[in-house]
Amino acid sequence: MCGATTGGLSLDGINVAKEAIIQGIVTKGGQPVESAYVRLLDRTGEFTAEVPTSATGHFRFFAGNGDWTLRTLAPGAETTDTTVQAAVGSVAEVEIQI
Amino acid sequence: MSRETALVTAEWVEEHLDDPKAAVVEVDEDTTSYDKGHIRGAVKLNWTTDLQDQVRRDFVSKEQFEALLSARGISNDQTVVVYGGNNNWFAAYAYWYFKLYGHQDVRLLDGGRKKWELDSRELTADVPSPEATEYVAQAQDHSLRAFRDEVVAAIGTQNLIDVRSPDEYAGRLLAPAHLPQEQAQRAGHIPTAGNVPWSKAANDDGTFKSNDELKELYTEAGLDWSKDTIAYCRIGERSSHTWFALKELLGLENVKNYDGSWTEYGSLVGVPVALGDEPGDA
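Line by line, the protein sequences give chains A and B. Each residue of the first sequence is one higher than the one before, starting from 4 at the first, in the working numbering. Each residue of the second sequence is one higher than the one before, starting from 3 at the first, in the working numbering.
None of these hints come from the bench; they were simulated from the model. Beta carbons are placed, not taken as given, at the ideal position from N, Cα and C, and that holds for glycine. Among the hints, a few may not be true.
Said to hold, decoys possible - A short list of chain A residues far from chain B (calculated; beta carbon distances all over 12 Å):
#, residue
1, T30
2, G32
3, G33
4, Q34
5, T86
6, Q88
Unchecked claim - Once the Cα atoms are required to be at most 20 Å apart in a straight line, the calculated EDC-like pairs of lysine to aspartate or glutamate come out as:
#, chain 1, residue 1, chain 2, residue 2
7, B, K202, A, D84
8, B, K38, A, E37
9, B, K229, B, E218
10, B, K202, A, E49
11, B, K46, B, E133
12, B, K211, A, E49
13, B, K202, B, D214
14, A, K31, B, D121
15, B, K229, B, E255
16, A, K21, B, E184
17, B, K46, B, E31
18, B, K23, B, E136
This is chain B alone, in the form it adopts within the complex (with noise of 0.2 Å):
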């Protein structure tokens, strides 16, 4: 995986609009963003109901994700450019979603809707009503997705990144600024976790930095090349964004997001927790 097949630009998705061999999928952490206009021909993905189990805290699973993708009109052979609100965090994470499940061909538009708002280009109301396909989703793969115990089992050996804002990462607050504050869970990181906010990997207008610029910004943050990484942040969207930028622009091997994030680790019994601004010892 390279940048140029896992990342196109706003011009490229313009110039296949009209191509049967692209399917073009909004995701957003605010669900109802696309239907207040969206990319024409774009189909909507809610994070909170198409990819999620209703009951227990997991993903849907690969039979639900079949027809999931069957009624939105997705057959194997499309490229699936991805792209959606808040710098493209949730079309990270359902771009790492469709990796998950095996789909060949994804790709992210660089900027994401933030991007293509601010050239001002064309969003439509109308929803198109694609004809349905025969999906067919691979089983998970969990070379892509962290567990708890393994991120237990991290502490102090391989890479742990986590991805939130500086304050989130010391305890100062609990979830990203534009959510209310109060949370069940503590606060802090993951002992031996380095600080590399997700923001850091992306411009100001959402498009991500060079390779050159990357690699510099891990490698500055201790980055051990060599090593397994794992990315946590809240809930697992915005170190999607980091796992994309290491291991689809990077080409890095061996990069989990940990989705379980904060909202589990914190959560659990007994695990040990920093507070401050210091990764901490193991």
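Extracted from the complex, chain A is given alone in its bound form (with noise of 0.2 Å):
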């Protein structure tokens, strides 16, 4: 995670132009939380994709435009929802605290 731009995930070697993006990181009281999965699910609630949260509490998609929503689950924390818009060509990021 070197090179990590602010507040996200380095984007080198990604074409921004032709993705739909949404990133970001899952913090308790406000420290990273490497432990995490995030879930991507679409404008209907159905799972689209999940990962596990990178070291440094990070997490990325690559979606497609309009609505989604982040389900977060960790050891010893509630599930929580996140909604999020993305759209090709940008970058959708997101702290989801826990």
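With the hints as a guide, dock the two chains, each given alone in a separate frame, to form the complex.
Okay, here's the thing in structure tokens:
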């Protein structure tokens, strides 16, 4: 996760113009959570993808245009849902507090 | 095959950590997961380098598989327990792969790495160095593996199950959303294939749903239980998960996994492709 841009992951090597990126960080009490799982649900609530957070609490998805929900699971925490809008050519940065 | 012989719990694995008759194997999409921490005594298989031919698109040969398992210290009479990240996608793929090469006793850790982590169970960075064995594999069992010609022939005649997410099925996404979407092949699905995302067979913690829930799920999706079935996804790993649910948990006969999946089918010249949320016509 070296070279992380302010507030998010490095986008080196990614063709941002062709992707609808949703990325961010999971935190608990201001600290990054590295053992969380973030699921991406589509506009109908259907599971689309899931990633574990990195050592720095970060995650990233390559979605499509539209509304999405991020569902976060972590040991000893309640499941939380966060809505986000994505669009091709942009990066939606999200901070999820659990 | 049944749920009792195909699936083990985390408790079962913890009880058998020192059992010489059991071999625990981790297989992940993220091939660095194992290195950060794994179940004590588990060996790693890398799906990109260990399980795939490095020149053409195919699996390693019987001889290469034998050499691989021998080097990992796995013997024919061991109970092999596979687990991995991403809700066991690649562990289910490895399970199917072990069956393809005739291993007798393979099991999947229910919930895989995620459930293990969410339960805060022990992980270690210590890499075991098991003694080499002389593993003997069988010829590939093609009753488990579908190739492109039989997939094309199955349109409108067999159960075709597309287990990707609805957006991939409809052609709105080309890959699972944790991967970049820029891909070479066309978007869409095989005409007449129903869409039953693999995730519907699993709970949020990655464990499989009950057999009753699974039966209801596939029945409601229109699966004809009297017909042969082919499952596919993008590269054959998520469809291994559904293959496992149908064949190993529910005991359905004649279920094949199409490992060529959408990255092959969506690149074929001249085959029919359906777009949108409906299966489409043959």
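Determine which of the earlier numbered hints do not hold for this structure and return their numbers in increasing order.
none
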